[in-house]
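> Protein chains in written order, with this note's numbering: chain A, -7 to 386; chain B, 10 to 252; chain C, 550 to 781; chain D, 2 to 273.
These aren't lab readings, by the way, just hints derived from the structure by calculation. Cβ atoms here follow ideal geometry from the backbone N, Cα and C, with glycine treated the same way. Each statement offered as a hint is correct.
Some chain D residues flagged as far from chain A (calculated, every beta-carbon gap over 12 angstroms): (1) Val83; (2) Cys92; (3) Gln206.
Simulated pairs of lysine to aspartate or glutamate, EDC-like, Cα-Cα distance not exceeding 16 angstroms: (4) B:Lys218 to A:Glu12; (5) A:Lys8 to B:Asp168; (6) B:Lys186 to B:Glu230; (7) D:Lys187 to D:Asp43; (8) C:Lys631 to D:Asp222.
Chain by chain, the residues run as shown.
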Amino acid sequence: MRETILSNNEKSFVEKSILEGLRVDKRNLNEFRNLGLFFGQDVGSVICTLGATKVFAQVSCELSSPRTSRPNEGTIFINVEMGPMAAPHLEVGFPLSDSCIQINRILERTLRESRCVDLESLCIIAEEKVWNLRVDIAVLNHEGNVMDCSCIAAVAALAHFKRPDVTTTGDGEFIIHSPAEKDLVPIVLHHYPICVTYALFDDGKIPVADPTALEERVSEASLVLAVNSYKELCCMNLTGVSLTSPHLILRCSEMAAERSRRIVEFIKSILEEDEAQRAKGNLPKGFAESIALSNLPSNFHNEEIVEKIEQPEIVGIAESSSHGETSDDEVKIIDDNTVTSGKWIEVTSEDEDSSSDEEMPEQTNTRTSQDAPKTEKKLHSNESSEEEKTIVLK
Amino acid sequence: MAACVGNSCIPGETLQEERQESSDIRKVVLGDGLRCNIVASSEEHSLPVITKNGILRRRKPNIYYVDSYQKRYIPSKNDSVIGIVTTKTLDFFWVDINASEPAALSYLAFEGATKKNRPEINVGDLVFCKVVLAHPDLEPELVCVDSTGKKGNLGQLNDGIMFSCSINLVRKVLNEKCRLLHLLSKETPFELVAGINGRIWVNSNSLRKTILLRDTILKAEHTPYEEMSNIVNDFATELTGIP
Amino acid sequence: MEIDEDRNNKMRAIASELNILTRSDGSAIITQGGSCCIASVNGPLEVSPANIDMNKAYVEVIYRPKCGLPGVNERYKEKIVKSLCETCIITQLYPRTQITVQAQEMDDHGGLLACAINAVNLAIMNSGLEMKFHMAAIHCGLDSDDNLNIDPEYVPKANLTFSRIQRSSRSQNFKGNFTFVFDSTKKSLIGVNTDGKFTIQQYNEAQKLCKDASRKIFDFYREMVKKYATVL
Amino acid sequence: MSQEELYKTINPVKYLRNFVEKSLRPDGRDLLEFRPTIINKDSIATAEGSAIIKLGTTTVICGIKAELAEPDSSEPSNGFIVPNIELTKLCSPKYRAIGVSLDSQIMNQTLYNILFNSGCVDLTELCIAKGKLVWVLYCDLVCLDDDGSVLDVASLALITALKSLKLPKVNYDLDTKVIKVDDTIKKGINLKALPVTTTFITFEQKYLLADPTSDEESIADTFVTIATCDGQLSYIYQPGGNSLASEQFESLIKQAGKREKYIISLLENIFE
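The task is simple: from the sequences and hints, build the whole structure.
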């Protein structure tokens, strides 16, 4: 079955309203939809909802031989699947659809190549036995921005997952303990990379946060930025045809950093709550509980809020610049289909203009903001890099 | 098991109400969700059987149907639908109407159209049309003229926004009991076209108003009839900014 | 919507929500005790020329495990769900079309096949496709002391591995497992799948127990119809 | 084309109905009668175990190839049995020509279930050295002709081939990790139970037919597959379709029991 053709009316309406700073679902250009996270009974199983977009993630692990190139590391494999459940035109099986492959690849770069999972701790006996992690992501409902939703689901599932403990006996033998014998061991995560997607409109001048399925289809390009809570950029991807300015990318990455910080906080708070409940011996009823409370929002125009994440307040940036750590990698900004591969770039802002910053997100997203950005931003990156080190926005 | 009018019914139940009807009207019209002889060689085959989930309704004199939820459109004759032109061939536009296959719309099925004078409609345009042929074994056929060859309010829809919703919402909006559109029109002028195939098109003089209209209509799905004025008030408040 | 019963050889609590997915024509999530399954139904849709049937709709079923790639065991379950869907949907009304059903496992605490079949039934109900009857699936376990347990709750072994080794679908916790499917009109058996070894008496007894228990599920379906008929 | 064939092509349902109304089937059988069964064991010399089964014209050949492998770490003392049936255009036009077909995948799982539900084979018997070396039995089945009831024939072929299996003795040195295969001493494996599968169909709800041909299968209301062993049931499968009354079901189970006794007596004759 083919996807329903996009009507000219919808296309021009979305384009026109974006120019006026309006969106079809009444959000601001920089507003995200409500985020919800629900953990299942098993470790590492989670439903993530972003507006009406719903994703189910499950982490599983198994023992196997390591790769010969990295004999003392476990592996992590990510599999995103979008079937007819996500949207009627999608199909399962081979060949995989382009959008599915793309999400898979970006997630792999975000989670694997940023080395956020401590793979060395997954090694049992070097060159013989390591844990293989597998993250299965099933897209349940595709209402746009599956990218962010799957990324949050994957990170939350990894943070929630626990593997069985293993004791090595020295002579190449080992014992896998059942949960009854020894507590399960969590996976070590160095940092939580979060994807933040912007759809670009008006010749790459207007970024729109958290696009819906309709906005995704109308937009010229989509910019995915994966940032962790330390404001380190883990992956960047620009797909589509749009001439984007570096200024815009910087601005977006700053907003993304703030968004990411809030989401990580949110994930951690929900994890803590879950942990506390489990410690008390209340095994969560799993998804049954979330249904009983009617927490799964059924329609995106329903105002059922699970745990609302406000749109980023820029106030945070000024203060967070103090605890931002310097990283020592380079940044490459190329135009179409840009890829930064596993390198981190730090995005900070100068402290003094925190007050005027508050206006920033709205500003950047209207056409007028191009002419008169009030703030001055700096990008600190590696001194040894051959690229430009500091970009001053004007 | 027998289903009663006004109650919920599930597939497999039989309609027995007709027996109690006065004998002068023998004819019973079965609407959506009721069928005869679905199970061959069943001893109960003379009784109509419910095939959908919902509430059994009856309209005078003897029309029975099941009020059920549905999102996918199944073409039926004389329905007014909103379609998107997907392809143009030699004689036809092929139009997506949210059904299992595209419907055919002849170039000649427009007011004043001739072989030479073809309507100017492009791929991706919206058309409001009527279903003239609907049969499970054939592709549905559409027209943009009424029986007198006049355009009426059929034809291409320009500007505005089209959105998908459940077929029930369209029925609800069009229902006489639902005063939503009436109340909305008192607040502000706007254009609205409801296609029974689960698509609604709205347009007004400002984008913001159109967006708010769309939102209000979608909200109506879970709003009882008597509370429609509330959501219209909310709409007015949001539109003017004055509570 | 919930039906709660005490655990003494009674069904586990059932909860369900319909129409939870905006992009599917019909969808449902159901939990039976700790087991949870989500299902979506789309159709009638355009059918690919390879699968076209001039007399009835082609039903495609996709069954996805919670982790790992789907294997032969999932194909086997797809086959069961597919023939059950063909039984309960009046496919003759939708010739030359396709109906796509997808079921996704979410939590496995026993009786997942039954849970998936019930989820699919609710999703079909929500999609507005015309049906002959409802179907209710019930799982029953035969433990090592030859006791029959209706709809038992248990955590299967090794449920968080994604290995592709072929395994028997039989669970380790019971020596016999039965999944019965009944129809809502005559309450008669329309589908059965079993694992393990058992005597004829045990089979008959299990079937009788499940048949009685199926009433609960049909009552639950009716409640769901009632609830959603007024809400939607 | 004769008049009869023409009639059958035009209205296969009525054609069959005319027969079964008189308690007869188009091939002259009674409704619950089976076609003649032919069992041939050790048909393939190069395989460790093999069998050819014919039921009427439905023919399945099974060859078992044994190989040595390392066991899975979760079950270190279990060997593997991998049934794999080929259902291609060769045996019936209803199968697709290319790739691994869905039908054969489903039948593989069914065969696996039938085999293990009955507790027929103890996988630990295939273990040579725990955690190090086990036997893998690749049971390749090829359907040469599909005229209905393939599952019954395939499962019987699998069981017969397993019964005729002769494995060489293998010595595994835990220290040097040297594998020595001694071809002179060959041993079979102990089958704890012999599940016998019987397929029935219902036709027009009333009629129960045993061992359907492929023509009959194509117009059946529903299928019921019952596997029995030692008077117990080990597998019952009905994938939807029309419902059966419980009396009908009981009579089917009885029939399946009778069939089991007959097949077991055949097997005993061959393997005595």
